[in-house]
Amino acid sequence: DGGITQSPKYLFRKEGQNVTLSCEQNLNHDAMYWYRQDPGQGLRLIYYSQIVNDFQKGDIAEGYSVSREKKESFPLTVTSAQKNPTAFYLCASRTTGGGYNEQYFGPGTRHTVL
Amino acid sequence: QKEVEQNSGPLSVPEGAIASLNCTYSDRGSQSFFWYRQYSGKSPELIMFIYSNGDKEDGRFTAQLNKASQYVSLLIRDSQPSDSATYLCAAPFGGGYNKLIFGAGTRLAVHP
Numbered sequence: 004d005g006g007i008t009q010s011p012k013y014l015f016r017k018e019g020q021n022v023t024l025s026c027e028q029n030l031n032h033d034a035m036y037w038y039r040q041d042p043g044q045g046l047r048l049i050y051y052s053q054i055v056n057d058f059q060k061g062d063i064a065e066g067y068s069v070s071r072e073k074k075e076s077f078p079l080t081v082t083s084a085q086k087n088p089t090a091f092y093l094c095a096s097r098t099t100g101g102g103y104n105e106q107y108f109g110p111g112t113r114h115t116v117l
Numbered sequence: 101q102k103e104v105e106q107n108s109g110p111l112s113v114p115e116g117a118i119a120s121l122n123c124t125y126s127d128r129g130s131q132s133f134f135w136y137r138q139y140s141g142k143s144p145e146l147i148m149f150i151y152s153n154g155d156k157e158d159g160r161f162t163a164q165l166n167k168a169s170q171y172v173s174l175l176i177r178d179s180q181p182s183d184s185a186t187y188l189c190a191a192p193f194g195g196g197y198n199k200l201i202f203g204a205g206t207r208l209a210v211h212p
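Quick mapping for you: the protein sequence lines, in order, are chains A and B.
Under the numbering used here, the first residue of the first sequence carries the number 4, and numbering increases by one thereafter.
Under the numbering used here, the first residue of the second sequence carries the number 101, and numbering increases by one thereafter.
Honestly, the hints are just simulated from the structure, not real lab data.
Please note that the accuracy of each hint is not assured.
Unchecked claim - Lysine-lysine pairs mimicking DSSO-like chemistry, simulated, CA-CA at most 27 Å apart:
{"#": "1", "chain 1": "B", "residue 1": "K142", "chain 2": "A", "residue 2": "K17"}
{"#": "2", "chain 1": "B", "residue 1": "K142", "chain 2": "A", "residue 2": "K86"}
{"#": "3", "chain 1": "A", "residue 1": "K74", "chain 2": "A", "residue 2": "K60"}
{"#": "4", "chain 1": "A", "residue 1": "K17", "chain 2": "A", "residue 2": "K86"}
{"#": "5", "chain 1": "B", "residue 1": "K167", "chain 2": "A", "residue 2": "K74"}
{"#": "6", "chain 1": "B", "residue 1": "K142", "chain 2": "B", "residue 2": "K199"}
{"#": "7", "chain 1": "A", "residue 1": "K73", "chain 2": "A", "residue 2": "K60"}
{"#": "8", "chain 1": "A", "residue 1": "K17", "chain 2": "A", "residue 2": "K74"}
{"#": "9", "chain 1": "B", "residue 1": "K167", "chain 2": "B", "residue 2": "K199"}
{"#": "10", "chain 1": "B", "residue 1": "K167", "chain 2": "B", "residue 2": "K156"}
{"#": "11", "chain 1": "B", "residue 1": "K199", "chain 2": "A", "residue 2": "K12"}
{"#": "12", "chain 1": "B", "residue 1": "K142", "chain 2": "A", "residue 2": "K12"}
{"#": "13", "chain 1": "A", "residue 1": "K60", "chain 2": "B", "residue 2": "K156"}
{"#": "14", "chain 1": "B", "residue 1": "K199", "chain 2": "A", "residue 2": "K60"}
{"#": "15", "chain 1": "A", "residue 1": "K73", "chain 2": "B", "residue 2": "K199"}
{"#": "16", "chain 1": "B", "residue 1": "K199", "chain 2": "B", "residue 2": "K156"}
{"#": "17", "chain 1": "B", "residue 1": "K142", "chain 2": "A", "residue 2": "K74"}
{"#": "18", "chain 1": "A", "residue 1": "K86", "chain 2": "B", "residue 2": "K199"}
Make a model of the complete structure from these sequences and hints.
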């Protein structure tokens, strides 16, 4: 089955701790994205990457870091500087070129700061 | 700052009725829009894409784009309880379709 996987499904982080969220896709998509969704809110872009070894900041990049060493993988590190207590983190991917090419989303990681 | 605005709802409609969801946008240059459906606790899934003025129909769903008035709407005919979800409107920005800006979503509740 082709798709996007995210782990863990639930993540509890202690204050002062850094954690890394995994995102893997086997769709052969070039572009990958990380969004944060706060309760009752829309999606806001954290980081995105259109090609291996290159990525750009989105609207709310502070307190986060990413890497793109492989086409299939785009992990997100939430650092202790990120103060948002509870959020739903969504990874997405899309193929590039040739039209609008929708973004496909993974199942998400629900993150809580203890 | 480009914005996409939606009424948060909830919009409550009886089963079998037409649900009308609206989205307004601030950037006159926006040419196309996506409608995503998100069930509670789940990730969004694309249900419609529209890029030209007028209507686009897909089964029970019709998207309507009015560029002069800067709004896009989604109509759901014969609403079913399974349509109860949050509907997110999104527009590309920054050139091409690489990045999307999302509205906050409208929660739809279809009651039997």
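Legend entry - Distance restraint between K199 (chain B) and K12 (chain A), which requires alpha-carbon spacing of 27 Å or less: With a Cα-Cα distance of about 25 Å, the restraint between K199 (chain B) and K12 (chain A) holds, given a limit of 27 Å.
Legend entry - Satisfaction of hint between K17 (chain A) and K142 (chain B), Cα-Cα up to 27 Å: 25 Å, holds
Legend entry - Satisfaction of hint between K60 (chain A) and K74 (chain A), Cα-Cα up to 27 Å: Distance of about 18 Å is within 27 Å: holds.
Inset, instruction - For the pair supplied as a hint, K73 (chain A) and K199 (chain B), confirm whether the alpha-carbon distance does not exceed 27 Å. - result: OK: K73 (chain A) and K199 (chain B) at ~21 Å, within 27 Å.
Inset, instruction - With a cut-off of 27 Å on the C-alpha distance, tell me whether K142 (chain B) and K86 (chain A) pass. - result: Holds, at about 23 Å.
Inset, instruction - Measure nothing beyond the straight line between the CA atoms of K17 (chain A) and K86 (chain A); if it is 27 Å or shorter, mark the hint as holding. - result: 11 Å, holds
Legend entry - Distance restraint between K167 (chain B) and K199 (chain B), which requires alpha-carbon spacing of 27 Å or less: 20 Å, holds
Inset, instruction - Given the hint that K142 (chain B) pairs with K12 (chain A), test it: the Cα-Cα distance must not exceed 27 Å. - result: 11 Å, holds
Inset, instruction - For the pair supplied as a hint, K167 (chain B) and K74 (chain A), confirm whether the alpha-carbon distance does not exceed 27 Å. - result: Given pair K167 (chain B), K74 (chain A) is violated - Cα atoms ~37 Å apart, limit 27 Å.
Inset, instruction - Quickly compare the C-alpha distance for K86 (chain A) and K199 (chain B) to 27 Å and report which way the hint goes. - result: 25 Å, holds
Inset, instruction - Would you mind confirming whether the straight-line C-alpha gap from K167 (chain B) to K156 (chain B) stays at or under 27 Å? - result: Distance of about 14 Å is within 27 Å: holds.
Legend entry - Given hint K199 (chain B) paired with K142 (chain B) - CA-CA distance at most 27 Å: Given that 27 Å is the threshold and the Cα spacing comes to 21 Å, the pair holds.
The earlier numbered hints that this structure contradicts are 5, 8, 13.
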